[in-house]
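Engineer: For this one, chain A is given, so just place chain B on it according to the hints.
Protein sequences appear in the order of chains A and B.
Using full-length UniProt numbering, the first residue of the first sequence is number 1, and each one after it goes up by one.
Using full-length UniProt numbering, the first residue of the second sequence is number 1, and each one after it goes up by one.
Please note: incorrect hints may appear among the correct ones.
What the hints assert, rightly or not - Cut-off 25 Å, straight-line C-alpha distance, at most; resulting in silico cross-link-like pairs (PhoX-like, lysine-lysine): (1) B:46 / A:115; (2) B:3 / A:179; (3) A:180 / A:170.
Said to hold, decoys possible - To be clear about the criterion: a stretch of chain B counts as covered by chain A if any three or more of its residues have a C-beta under 8 Å from a C-beta of chain A, and this derived list gives those stretches: (4) 1 to 7; (5) 30 to 39; (6) 115 to 121.
If you're looking for bench data, these hints aren't it; they were derived computationally from the structure.
By construction, the Cβ of each residue, glycine as well, lies at the ideal position given by its N, Cα and C atoms.
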Amino acid sequence: MSDELAQQTEELSLDSKTVFDSKDEFTAKHPLNSRWTLWYTKPQVNKNENWHDLLKPVITFSSVEEFWGIYNSIPPANQLPLKSDYHLFKEGIRPEWEDTANSKGGKWQFSFTKKHEINPVINDLWLRGLLAVIGETIEDDENEVNGIVLNIRKQAYRVGIWTKDCEDSKLKTVGERLKKVLQLKDEQKVEFISHDASNIRGSEPQIVL
Amino acid sequence: MVKYTEEQLLEAREEAYVPSPQILEAFNQMIDQVKEHAAAEYEKHKALKWSNGDTYIDEHGHERSYHHMNRRRASRTGGSKPNLRKKSEVDQDGWETLSKPKKSFGAEEGVEERNKFRETIKARPNNKNLGSSKPVDHREIIADKPVKAFNAFAALEDDDDDEE
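With the rest of the complex left out, here is chain A:
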């Protein structure tokens, strides 16, 4: 069954057409500032599958209309299987630490641990996160944000915003906006941790808001 899955996902291509590719089709009235690629981490169903086999680019889009078309056609957050991840990254950036655009950066993140409480609203919160990223209101003009990630785990839903750098001055706006987007209370803290620090066990977050 895993071979079939692999074959099917290989067929998924990145060359979806937008208004930029096909000027005759004016279905896209609202072009986005950046082109975005939706990625998906498939839970491992076979021990032979490694990380690269599991991380799949699904589709790339560049307009608001396309975003909605895609969003309406894919499973909502609370319908994804455990150990799945959605990643929405600027085109050309892989959602991996090793990617040159990510290697010097880190992530703002928050974990919703009370899944039974958050389950009815996680879809809306994730949507708000996506809109803030594609609309680029998650930051001012810092151009720090590379993408947004949703992890579906047994104990928690975790939302993270990946950044290019780790400079405090550039990051605080993003952290504060993420907190608003996720409708967190004051006592619910978002944390920023660099990718380098994430690799070291027990390392403390760089910023807590």
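Structural biologist: Below, chain B without anything else, positioned relative to chain A:
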């Protein structure tokens, strides 16, 4: 830089356009297959937990494990145990006797004879029956002998006696 607020983006929701329906269809199929696999794994795991695979079909056609035949004996600690200890007795002077009950049959018979016999026997350590085969150190035996130690209070009393 083009920016869209959440409200602006939501307004355009009705104008949704699916760029490559076949890609998204394949994606949904993949997720369905992952879910099916996860559900099958869950059932397998549940079945493994329920039995070790060694089962039989009962008279109603249901698969059952042999757990009931291999079950541990139920604990008896739940019930209250009778207290077999002899109750303590308090004598006229207020002393409480906590002696254990004699367990051997006829233990109270011939107690005097037994005590006399015990007095006549001098117990000697038998090296063969000790844990160590090392011979008993005689110096230790000597060290155990009661020694008349100097007692200051006794000495004072003696002095008083002398004065009298």
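Engineer: Compare the structure with each hint and give your call.
Structural biologist: Going down the list of hints, with the structure as the test:
1. Among the hinted pairs, residue 46 (chain B) with residue 115 (chain A) is consistent with the structure: their alpha-carbon atoms are about 22 Å apart, no more than 25 Å.
2. In summary, the hint linking residue 3 (chain B) to residue 179 (chain A) is supported, as the alpha carbons are separated by about 19 Å, within the 25 Å threshold.
3. Straight-line distance between C-alpha atoms of residue 180 (chain A) and residue 170 (chain A) comes to about 17 Å, which keeps the hinted pair within the 25 Å bound.
4. Evaluation of the coverage hint for the region 1 to 7 of chain B: fulfilled, as 6 residues show C-beta separations to chain A shorter than 8 Å, against a requirement of three.
5. Coverage of the region 30 to 39 of chain B by chain A holds [criterion: at least 3 residues with CB-CB distance below 8 Å; count 7].
6. Figure legend: the region 115 to 121 of chain B, annotated as covered by chain A; annotation inconsistent (0 residues with Cβ-Cβ distances under 8 Å, at least 3 required).
Violated hint: 6 only; the structure is consistent with all others.
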